[in-house]
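S.K.: Given next are the chains, with one letter for each unit.
Protein chains: 2
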Amino acid sequence: MKAHGLNPRIRKSPYFQSTLKYGATEFHPYNGMWMPVGYDTPINEYWNTVERAGLWDVGVQRCIEISGPDAERFMSMLTPRDISNIKVGQCRYIVMTNQEGGVLNDPVMMRMAEDKFWLSTADSDMYLWTKGVACYSGHDVIIETPAVYPLQIQGPRSHLIVSALFGDDVLDLKYYDWMKADIHGIDVIISRTGYSSEIGFEIYILGYERGDELYETIMQAGKPFELSPGSPNRIRRIEGGVLDYGSDILVDNNPLELSMERLIDFNKPDFIGKTALQKIRDEGVTRKMVGVFMDG
Amino acid sequence: MKAHGLNPRIRKSPYFQSTLKYGATEFHPYNGMWMPVGYDTPINEYWNTVERAGLWDVGVQRCIEISGPDAERFMSMLTPRDISNIKVGQCRYIVMTNQEGGVLNDPVMMRMAEDKFWLSTADSDMYLWTKGVACYSGHDVIIETPAVYPLQIQGPRSHLIVSALFGDDVLDLKYYDWMKADIHGIDVIISRTGYSSEIGFEIYILGYERGDELYETIMQAGKPFELSPGSPNRIRRIEGGVLDYGSDILVDNNPLELSMERLIDFNKPDFIGKTALQKIRDEGVTRKMVGVFMDG
Numbered sequence: 001m002k003a004h005g006l007n008p009r010i011r012k013s014p015y016f017q018s019t020l021k022y023g024a025t026e027f028h029p030y031n032g033m034w035m036p037v038g039y040d041t042p043i044n045e046y047w048n049t050v051e052r053a054g055l056w057d058v059g060v061q062r063c064i065e066i067s068g069p070d071a072e073r074f075m076s077m078l079t080p081r082d083i084s085n086i087k088v089g090q091c092r093y094i095v096m097t098n099q100e101g102g103v104l105n106d107p108v109m110m111r112m113a114e115d116k117f118w119l120s121t122a123d124s125d126m127y128l129w130t131k132g133v134a135c136y137s138g139h140d141v142i143i144e145t146p147a148v149y150p151l152q153i154q155g156p157r158s159h160l161i162v163s164a165l166f167g168d169d170v171l172d173l174k175y176y177d178w179m180k181a182d183i184h185g186i187d188v189i190i191s192r193t194g195y196s197s198e199i200g201f202e203i204y205i206l207g208y209e210r211g212d213e214l215y216e217t218i219m220q221a222g223k224p225f226e227l228s229p230g231s232p233n234r235i236r237r238i239e240g241g242v243l244d245y246g247s248d249i250l251v252d253n254n255p256l257e258l259s260m261e262r263l264i265d266f267n268k269p270d271f272i273g274k275t276a277l278q279k280i281r282d283e284g285v286t287r288k289m290v291g292v293f294m295d296g
Numbered sequence: 001m002k003a004h005g006l007n008p009r010i011r012k013s014p015y016f017q018s019t020l021k022y023g024a025t026e027f028h029p030y031n032g033m034w035m036p037v038g039y040d041t042p043i044n045e046y047w048n049t050v051e052r053a054g055l056w057d058v059g060v061q062r063c064i065e066i067s068g069p070d071a072e073r074f075m076s077m078l079t080p081r082d083i084s085n086i087k088v089g090q091c092r093y094i095v096m097t098n099q100e101g102g103v104l105n106d107p108v109m110m111r112m113a114e115d116k117f118w119l120s121t122a123d124s125d126m127y128l129w130t131k132g133v134a135c136y137s138g139h140d141v142i143i144e145t146p147a148v149y150p151l152q153i154q155g156p157r158s159h160l161i162v163s164a165l166f167g168d169d170v171l172d173l174k175y176y177d178w179m180k181a182d183i184h185g186i187d188v189i190i191s192r193t194g195y196s197s198e199i200g201f202e203i204y205i206l207g208y209e210r211g212d213e214l215y216e217t218i219m220q221a222g223k224p225f226e227l228s229p230g231s232p233n234r235i236r237r238i239e240g241g242v243l244d245y246g247s248d249i250l251v252d253n254n255p256l257e258l259s260m261e262r263l264i265d266f267n268k269p270d271f272i273g274k275t276a277l278q279k280i281r282d283e284g285v286t287r288k289m290v291g292v293f294m295d296g
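Quick note, the sequences are listed as chains A and B, same order. Residue 163 in UniProt numbering sits at position 163 of the first sequence; the count goes up by one each step and never skips. Residue 248 in UniProt numbering sits at position 248 of the second sequence; the count goes up by one each step and never skips.
There may be inaccurate statements among the hints.
Note that the list lumps identical chains together, so a pair holds whenever it fits in one copy or between two copies.
Claimed, not checked - Lysine to aspartate or glutamate pairs mimicking EDC-like chemistry, simulated, CA-CA at most 20 Å apart: (1) K288 <-> E239; (2) K268 <-> D282; (3) K12 <-> D252; (4) K180 <-> D168; (5) K12 <-> D248; (6) K274 <-> D140; (7) K268 <-> D82.
No lab work stands behind these hints, which were simulated from the structure alone.
So that you can see chain A by itself, here it is in the shape it has in the complex (with noise of 0.2 Å):
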């Protein structure tokens, strides 16, 4: 038994070619696409990843756009956390929760204009969500799949070579930040962000086309710092206690079992789930996610 090849009804990330080239052996499906997760060993790509850097092709992080007059006012209706302070050029983590208190997704956040924001989401399809809450919320705003696909560098020498290639500006970035870049004429977006708990960033590339140009680009500049192809870590998301949408965390669990009330401002006049999320946190929680400790 096997999974059937690269089934072409799962779409292929702008990096796919070279994510081949650098060695990727396994794929799986996320959001409707291929996200490579094996190059080498899961230990040896921990230690890249610990020790140097990693080079992930996360194009599977499909993101959506809100954009319009009522953008901010349906953001923070899809979202429990206060977004009123995010800032252009601030990102943010978040939970989306659906009328239940049940989580959809746990997507980064970014606001990328006073009336325009960014979801770059987990493995569930907040396309069909936010575009269904949409058709009665009567909220002015555009939802839309713009082609922009992540990369991330993750690892202790991941400043370096994103100064390498996009200047030092970059080393302004403070975790949670956004600014544009480019690189020959190829127009990025670089976020302190990721999913490890290094010091790492993410670059959006706008547009899919130059897609492999950009992800030679970033293996030619890391070759100093020795920088290697990779996937995002389990090991290194376990043991920083990153949480993993569609593994530890289900539509059936609420932001409050999994200890999340620091995204939630129950001060909110409104949002979905807040009514149900109430009565959860008012009547107490039945179960909790917690860490362990392993020796060995």
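Please arrange chain B on chain A, whose structure you already have, making use of the hints.
M.R.: Leaving out everything else, chain B in the frame of chain A:
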């Protein structure tokens, strides 16, 4: 390069062990579940279906249940098709559209009770869409994903097999009708529907646990009729003009360019996408999907 085995993020159908036992060698991700797509060669599977009968695990047609006092009004908003005349015990092929008239899915809708509908969906997450729409639509509905998973028996001998299993009542089922039945205490819903242009039935198990028992029971009953394990056959469906959401149809397509006029009732007071589709109709479609005849 290969897809990563049978990645556990993607769910398995209740018939999974049986499909392995009967020779499934390849699986596709579809609606967040693994769909067995290869047993024999596609050409042998074609002749099995066209000359005898095939048993297909299509548990991936993830079922959405819409129930409650406003279920009919809500369901009617979700599709351009007139559903007011659909009685309990009947099914209909429908399209579901977004605000721009783009096709989100083309499920089989089943009326399970006056106030309860099932959607047996193609490959896009209608839980997220319908649940999103319900946030602000003002309808009193409950939206769930019940544990019901269809098998299809398709082919000219399919009626002989289902009547051997469930009795002669099943022969009275009209095209696109459904009925309740049970075998060895396993409750099922049987419908005269399917993804071939042959005579065929779908059998929805109610519950996950006894899937393999049901599959085995059907295979045994099918022996005298040379029932073969199989999967939705691409040759037969293309030959029969049966469209495939995710390959033939994308969200960029509207029902008018797909020649689905029969699935649109512009006289309905309202449905999602009505304004957009009226505009497309009035201005004329700019492209049209057509069939081709192939010789050889």
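S.K.: Can you tell me if K288 and E239 fall within 20 Å by alpha carbon in one copy, between copies, both or neither?
M.R.: within (18 Å within a copy, 53 Å between copies)
S.K.: Give the relationship of K274 and D140 under a CA distance limit of 20 Å: within one copy only, between copies only, both, or neither.
M.R.: For K274 and D140, the Cα distance is within 20 Å only across copies (18 Å; inside one copy 22 Å).
S.K.: How do K268 and D282 come out at 20 Å by Cα distance, when the copy is not named: within, between, both, or neither?
M.R.: within (17 Å within a copy, 44 Å between copies)
S.K.: First find the shortest C-alpha distance between K12 and D248 inside one copy, then the shortest across copies, and answer within, between, both or neither for a cut-off of 20 Å.
M.R.: Between. Shortest inter-copy distance 18 Å satisfies the 20 Å Cα cut-off; intra-copy 25 Å does not.
S.K.: Between K12 and D252, at a C-alpha cutoff of 20 Å, which is it: within one copy, between copies, both, or neither?
M.R.: Between. Shortest inter-copy distance 18 Å satisfies the 20 Å Cα cut-off; intra-copy 30 Å does not.
S.K.: If the cutoff is 20 Å on CA atoms, where do K180 and D168 land: within, between, both or neither? Let me know, please.
M.R.: Classified as within: same-chain Cα gap 13 Å, cross-chain 69 Å, threshold 20 Å.
S.K.: Can you tell me if K268 and D82 fall within 20 Å by alpha carbon in one copy, between copies, both or neither?
M.R.: The answer is within: 7 Å in one copy meets 20 Å, while 40 Å across copies does not.
The structure agrees with every numbered hint stated previously.
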